[in-house]
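Engineer: Chains as they are written, first to last, in the numbering used here: chain Y, 1 to 114; chain L, 1 to 114.
Simulated from the structure, these hints should not be mistaken for laboratory data.
Because the structure is a prediction, the values reported are computed rather than measured.
Treat the hints loosely; a few may be bogus.
Stated by the list, open to error - From the structure, some residues in chain L lie toward chain Y, with a derived Cβ separation under 7 Å: (1) Phe35; (2) Gln44; (3) Leu47; (4) Arg50; (5) Gly96; (6) Lys101; (7) Phe104; (8) Gly105; (9) Gly107; (10) Arg111; (11) Val112; (12) Ser114.
Cβ coordinates follow ideal geometry from the N, Cα and C atoms, glycine included.
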Amino acid sequence: GAGVSQSPSNKVTEKGKDVELRCDPISGHTALYWYRQSLGQGLEFLIYFQGNSAPDKSGLPSDRFSAERTGGSVSTLTIQRTQQEDSAVYLCASSPTGVDYGYTFGSGTRLTVV
Amino acid sequence: AQTVTQSQPEMSVQEAETVTLSCTYDTSESDYYLFWYKQPPSRQMILVIRQEAYKQQNATENRFSVNFQKAAKSFSLKISDSQLGDAAMYFCAYRGLYGNKLVFGAGTILRVKS
């Protein structure tokens with residue numbers, strides 16, 4: 001696609017429920033990143049994909065968080081048993097491999113856990 | 001680990017004036033990339049300007065320029081002829097030459113007064 005697409009744009013969920021956040025990167029971009037942005041804060045790295053593998057998942061805050069990427073394209077970030085501290089904007093970005101002009105970001109998913 | 005510090009939580013500038021946003025970073029690497037991103041209320045991160053550490057010449061993009069001081073590990077952003085559309089959160093970011101993720105500062109909110 002023309003840009004990085006994330007869905008849903010906003011999600012309100014009850015504490016304890018599971019949620020799935022989707023990221024559709026720019027076609028041909030082999031690298032994909034998930035970041036979390038808490039209210040008024042900077043961006044916190046969660047996980048990096050190269051193709052379908054995740055060589056760096058060091059930023060995932062707990063085992064309630066997982067992510068996968070299929071077909072070298074769409075990625076899903078899953079949060080199980082959501083907690084109020086999970087409330088944040090989850091941003092996805094993609095980039096080609098071998099060049100470094102920065103990432104292209106999506107508009108994010110605002111997750112609110114009530 | 002690399003860190004990025006933005007010491008100005010908030011800045012204001014009069015329309016048509018010039019403003020400088022500060023950023024310092026800490027790294028033991030000699031080659032790396034530095035970026036400034038803009039995040040308007042739409043949440044999408046937009047790349048403003050990029051600097052390669054091995055280039056001594058400061059990067060410039062229209063009204064945006066940087067003052068890159070490698071020895072001091074400083075990377076400030078100057079916005080000339082400020083416009084109302086420049087109002088946003090600005091993030092400074094670092095990436096190692098062989099790194100796979102961007103490390104972000106906490107951000108600076110820029111307000112533009114008419």
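Engineer: Taking the hints in turn, state whether each one holds.
Structural biologist: Hints, verified against the model:
The interface hint given for Phe35/L holds, since its Cβ lies 5 Å from the closest Cβ of chain Y, which is under the 7 Å cut-off. Taking 7 Å as the C-beta cut-off, the interface hint given for Gln44/L holds, the closest approach to chain Y being about 5 Å. Satisfaction of the interface hint for Leu47/L is found here, the shortest Cβ-Cβ separation to chain Y being roughly 4 Å, below the 7 Å cut-off. The criterion of a C-beta within 7 Å of any C-beta in chain Y is met by Arg50/L, whose closest approach is roughly 6 Å, and the hint holds.
Taking 7 Å as the C-beta contact cut-off toward chain Y, the hint placing Gly96/L at the interface is violated, the least distance being around 10 Å. For Lys101/L, the shortest C-beta to C-beta distance to chain Y is roughly 5 Å, which falls under 7 Å, so the interface hint holds. Look at Phe104/L: its Cβ gets to within about 4 Å of chain Y, closer than 7 Å, so that hint holds up. Given hint, Gly105/L at the interface with chain Y, holds; its Cβ is 6 Å from that chain's nearest Cβ, closer than 7 Å.
Hint status for Gly107/L: holds, given a least beta-carbon distance of 5 Å to chain Y, under 7 Å. This hint is violated: Arg111/L has a C-beta 15 Å from the nearest C-beta of chain Y, more than the 7 Å allowed. Hint on Val112/L is violated. Least Cβ distance to chain Y is approximately 19 Å, over the 7 Å limit. With a cut of 7 Å, the hint placing Ser114/L at the interface with chain Y is violated, because the nearest CB-to-CB distance is about 24 Å.
Going through the hint list in order, the structure does not satisfy hints 5, 10, 11 and 12.
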